[in-house]
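Take the two lone chains, each set in its own frame, and fit them into one complex as the hints suggest.
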Amino acid sequence: MTQTLDPTVVPLRDPTLLDRSRGAARSLARFMRGKPLGGSGLIVVVLFILVALLAGVIQRHDPDEIFETPNPDYKANPSTLELARNPDIGSPVLVSQFEEPGGDHWFGTDKFGRDIWSQVVHGARLSLIVGLGASVIAVVGGLIIGMISAYYAGIVDLLIQRIVDMLQAIPFLVLVLVFTQITERSVFNVVLWLGVAGLAITTRLIRSAVFAVRESEFVLAARVVGASDLRIMVRHVLPNVVAVLIIAFSIGIGAYILAEASISFLGAGPQGIPSWGQMVQAGRGSLDLHPWQTVFAGGAIMLIVLGFNLLGDALRDVLDPRLRGA
Amino acid sequence: MQAYIIRRVIGAVFVVFLVGTFSFFAIRVLPGDFATASLGLDAGSASAENIQQRRADLGLDKPIGEQYAVWLWDTVRLDLGDSFLTQNTVWYEIGRSLPYSIELGVLIMIVGFTVAIPVGLLSAIFQDKLADYTLRGLAILALAAPVFWTAAIASLVVLQWDLFLIDVIGQPHLWEDPERAITWYLIPMFAGGFAGTATTMRLLRSQMLEVLRQDYVRTARAKGLRESVVIIRHALRNALLPVLTVMGVTIATIIGSQVILENMFNIPGIGNKVLTSLFARDNPVFQSVVLIIAVFTVLTNLVVDILYGVIDPRIRLS
Chain A
1 MTQTLDPTVV PLRDPTLLDR SRGAARSLAR FMRGKPLGGS GLIVVVLFIL
51 VALLAGVIQR HDPDEIFETP NPDYKANPST LELARNPDIG SPVLVSQFEE
101 PGGDHWFGTD KFGRDIWSQV VHGARLSLIV GLGASVIAVV GGLIIGMISA
151 YYAGIVDLLI QRIVDMLQAI PFLVLVLVFT QITERSVFNV VLWLGVAGLA
201 ITTRLIRSAV FAVRESEFVL AARVVGASDL RIMVRHVLPN VVAVLIIAFS
251 IGIGAYILAE ASISFLGAGP QGIPSWGQMV QAGRGSLDLH PWQTVFAGGA
301 IMLIVLGFNL LGDALRDVLD PRLRGA
Chain B
327 MQAYIIRRVI GAVFVVFLVG TFSFFAIRVL PGDFATASLG LDAGSASAEN
377 IQQRRADLGL DKPIGEQYAV WLWDTVRLDL GDSFLTQNTV WYEIGRSLPY
427 SIELGVLIMI VGFTVAIPVG LLSAIFQDKL ADYTLRGLAI LALAAPVFWT
477 AAIASLVVLQ WDLFLIDVIG QPHLWEDPER AITWYLIPMF AGGFAGTATT
527 MRLLRSQMLE VLRQDYVRTA RAKGLRESVV IIRHALRNAL LPVLTVMGVT
577 IATIIGSQVI LENMFNIPGI GNKVLTSLFA RDNPVFQSVV LIIAVFTVLT
627 NLVVDILYGV IDPRIRLS
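Quick note, the sequences are listed as chains A and B, same order. Under the numbering used here, the first residue of the first sequence carries the number 1, and numbering increases by one thereafter. Under the numbering used here, the first residue of the second sequence carries the number 327, and numbering increases by one thereafter.
Worth flagging that the hints you see were computed from the coordinates, not collected in a lab. Positions of the beta carbon are idealized from the N, C-alpha and C atoms, including for glycine. Among the clues, some could well be false.
[Stated by the list, open to error] If you anchor each label on the Cβ, the simulated ranges turn out as follows:
1) A:98 to B:413: 42 to 52 angstroms
2) A:95 to B:573: 50 to 60 angstroms
3) B:542 to A:28: 37 to 47 angstroms
4) A:76 to B:505: 53 to 63 angstroms
5) A:227 to B:432: 49 to 59 angstroms
6) A:80 to B:354: 49 to 59 angstroms
7) A:47 to B:440: 32 to 42 angstroms
8) B:567 to A:240: 27 to 37 angstroms
9) B:432 to A:49: 39 to 49 angstroms
Isolated chain B, as found in the complex (with noise of 0.2 angstroms):
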């Protein structure tokens, strides 16, 4: 088990590892940097000499193998620099912005579950009656409309009955203003976790089929058990499982349909960052944004591994 875990962390390390590489060498690549995008080169309104200047002041007319080398050594001791567009250290805009993207995120995996899970389970039990078609034709919709497309319909209905205001003054979080927290986050959280909901609810009726088929879920049924016990204790838990193991990919579609939302209705979270630094060629916001969604992801992937291997021994040693 130790040699797993071991195995499965250095893994992860190097996945992150590659993944900082890649934003590093990306926002590099892109045509135009800070230097231009803030002076406006296009325009040709800034001089040659300033541009050289303001290169020289963020460090960016350095060879990239040096400039490499130098951020992969802050990197390692969590140095991630400064802001080239605020100044701040860009630990200071992560502490502020990711907050509000945790909060936003929460909230969709709330929806999208409480939404996924009972319906994934009813479809299921219903198997082929007017009730899972229904729900699998929800579930098919929610994953072809585009997450902006549902978002905006929604602000539509809101502003047309007048249900409530949409645009929050300030930017409250939950635990400062919930009253006016929640009604800045209802929008995109219900658009979020519709379009989340569809994978989860799909994945888990298919497993739920495959559960209820199974013979432990007949000798329940044979010891003259509860169909609510049999359902909710003997074959959702196992049908669980696999959607549990997807959570990493869960969690980056989450994070993607975060970058829209947030941009969509002013909130201040990571993923309105990555925006804002990959537009500005903030090439340190850029990196550190990047690296943190990995983390997040290659970190539920680990976790889900480590516990399906404590779970289930066959996967260790595969």
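Only chain A is shown next, with the shape it has when bound in the complex (with noise of 0.2 angstroms):
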């Protein structure tokens, strides 16, 4: 289909990499053009992928690092009754606490003294990692139940429903709080919690999928001449639902971002990795004076979710028109 004429083209190695790739550009740049929302949202998500990246870069400081200021008050050897009036009298330099916007601290400072900007930049990795990570796991657990409750049917499918209607009974919330309780709050283990109690939707999701796909007449006549299970399930099943694991992978995403930015707001997130929801708590301490910190960060998070909601939305109006308003 795309094949080209022009003689000057160098033939690369592998001619049908050239020709996907460019067909892989094609369909980019007609997604844009038809749906510019998902357009956008995929232009703030690469933005944001590439914040994250490049945090290192493009922080300015250290995150952690503690900015000071010197005191103009400064007295070496102060008397009780200066130290009384002023405590700080003593010392040679002060934390500049609450810095405005602006000049070398592009979004101020923090309570601490350490530069805001930097911080957010960093928490993108957390809420990206927490995201896909998530979102993966979700998607391929959903997967492997969904097919088995809605393949096997009969009391498996039963059982799984129920227990999935459980799961759902709970609000996401509480369950992810409970979930990650149970082990240590490092990074990976919050993301794999999430997954699992993300675990509910997707597989009903799946299973429907795989349900309809069952009914259809191609796997009546891959199970007449004869094919195993496991082979219906991966040669036929499998290739008929992939649109919908892509629209629960993505619409999935800016749930779980939201998910974890609650739990660092009530502080039982991960701990030891700079995050958003955790720094508009910190924020709120002095929120009438320096709301800076709270303003950026939970900025930060509506932005990234709104970014991957516009673009989940897109696909999933693009691979499956039905599921339109789900």
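So this is what it looks like as structure tokens:
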């Protein structure tokens, strides 16, 4: 289809690869034109991925560095009376806390005199790892469980569906809070548990898709010629639910990012890594006078979730128009 | 119809039982228990004997199978036990906190629906016009903004312009001191409502678009009915049904955001109880509040399903 007739094009070692990448570029362009909202979502997502990858380059400061300014009132060996009036008088430097945005600190500094811009930049890493990682786990797990549930039907299906019902009767946030408490709250564990908590939704979605495919005639035909269950699953059912898998993957990401931000906000998130949710909480202590940490960190959460949601919505519309509005 | 209802009720009871079992084992699987949490084992300040003693007092030293059997039997008889933390009965704790959560939850739903219904309606009527894009854009923003951030920004606005006092003294109910209570609930109810609006609005919009293309709407218009009658009586009523079917999910989402909002605004409701009992390993309270939340969502789903079955006979048979 995309054969090139231009003789000046230098043939690559693998011409199909060139064709394929051209095709991909072309369909990307078509996607951006046809779905401007989804396209802008894609741009936001790509920007955040770049920020996360290049955090060390664009950070401008170390996120843990504490900034200090010379103390204008400094006095060596102050008297007791002077110390009582101004407890800081004896120290030559002061922590430059709560600086306004601008100048050297684009987003200002926090309570401990650290640069907010560099914290926000590093926070992108956690959110992306959490969103993408948890969604992969939820979709792969949901695929396996959903296929078993739909294919074997009967009592297995009934049991799995009741467990899914159970998980859905508990608010997602509570589920995540409980799960993440079980193990040490490392980034890996939090991602894992978020994915497990998301299994209920993906399982249900994938199960109904498999159910639909299972009833189709080509599956019946495969069974008639004696194909094994495993072969039918992998060769006939799987390729026909790929669209649903992509949709389930992309629309879940925003929810996992929000869930991680929420548990971090509540002080139960992953430890030892800058987190936007935790920054929103940290900034709340001085919200009325110095709102910048809360404003920027929360704004970053909203923007990244917005990007993933827009992209997911557009992908869903393109891949499966029937699911629109679901 | 009867068989359908019975099947549904049995399914619902089984799901509630599963949730109870899940929360029973979940709180026990977590590292540490109330004895270590309250005596501070990690700091090494409590002796092993003290902890053993405390465990024996609370019945935590018994085999887990025995504990489970006791819990099951007690729960079936509606005896939820006593809180480890406050020594009060769990029923007393729930009786004190549930009204706050119901108040806030109802306010959130009122805000959510009063925003979502007109917005979804307008968005569908003016499909692909400026109003539609603006409203949909707002809904997409509402879906992306974390509820704690919206609430924090709203607090910031209130503080900056000194609109009203956020720190309410005491914990007034709406029926005790409406004025103070409403200032207390104002930010959480709008933040929660805003977050809850988006899904409802988007669903209503897509349903409206579908319904507006139906024959009976064309018939209604052909009869010469006023447009407002067509939209509200013929289209909206039919478009609202699917919105009601996802009520269970909507309620679960609202309860989820209530956990955060109650924590932020010191509202001593069920959501707050979930957090405190989880972190303190207060087993009886945790199990019971999770169970109550599950009963709420499952019951909503059950009522919706049965009502739907009454309205639409096709569903009963599937």
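Do the hints match the structure? See the list:
1. A:98 to B:413: 42 to 52 angstroms: holds, 43 angstroms
2. A:95 to B:573: 50 to 60 angstroms: holds, 51 angstroms
3. B:542 to A:28: 37 to 47 angstroms: holds, 43 angstroms
4. A:76 to B:505: 53 to 63 angstroms: With Cβ atoms ~56 angstroms apart, the hint holds.
5. A:227 to B:432: 49 to 59 angstroms: Check passed, 55 angstroms falls within 49 to 59 angstroms.
6. A:80 to B:354: 49 to 59 angstroms: holds, 57 angstroms
7. A:47 to B:440: 32 to 42 angstroms: holds, 36 angstroms
8. B:567 to A:240: 27 to 37 angstroms: The hinted range 27 to 37 angstroms holds for residue 567 of chain B and residue 240 of chain A, with Cβ atoms some 31 angstroms apart.
9. B:432 to A:49: 39 to 49 angstroms: At 42 angstroms between Cβs, range holds.
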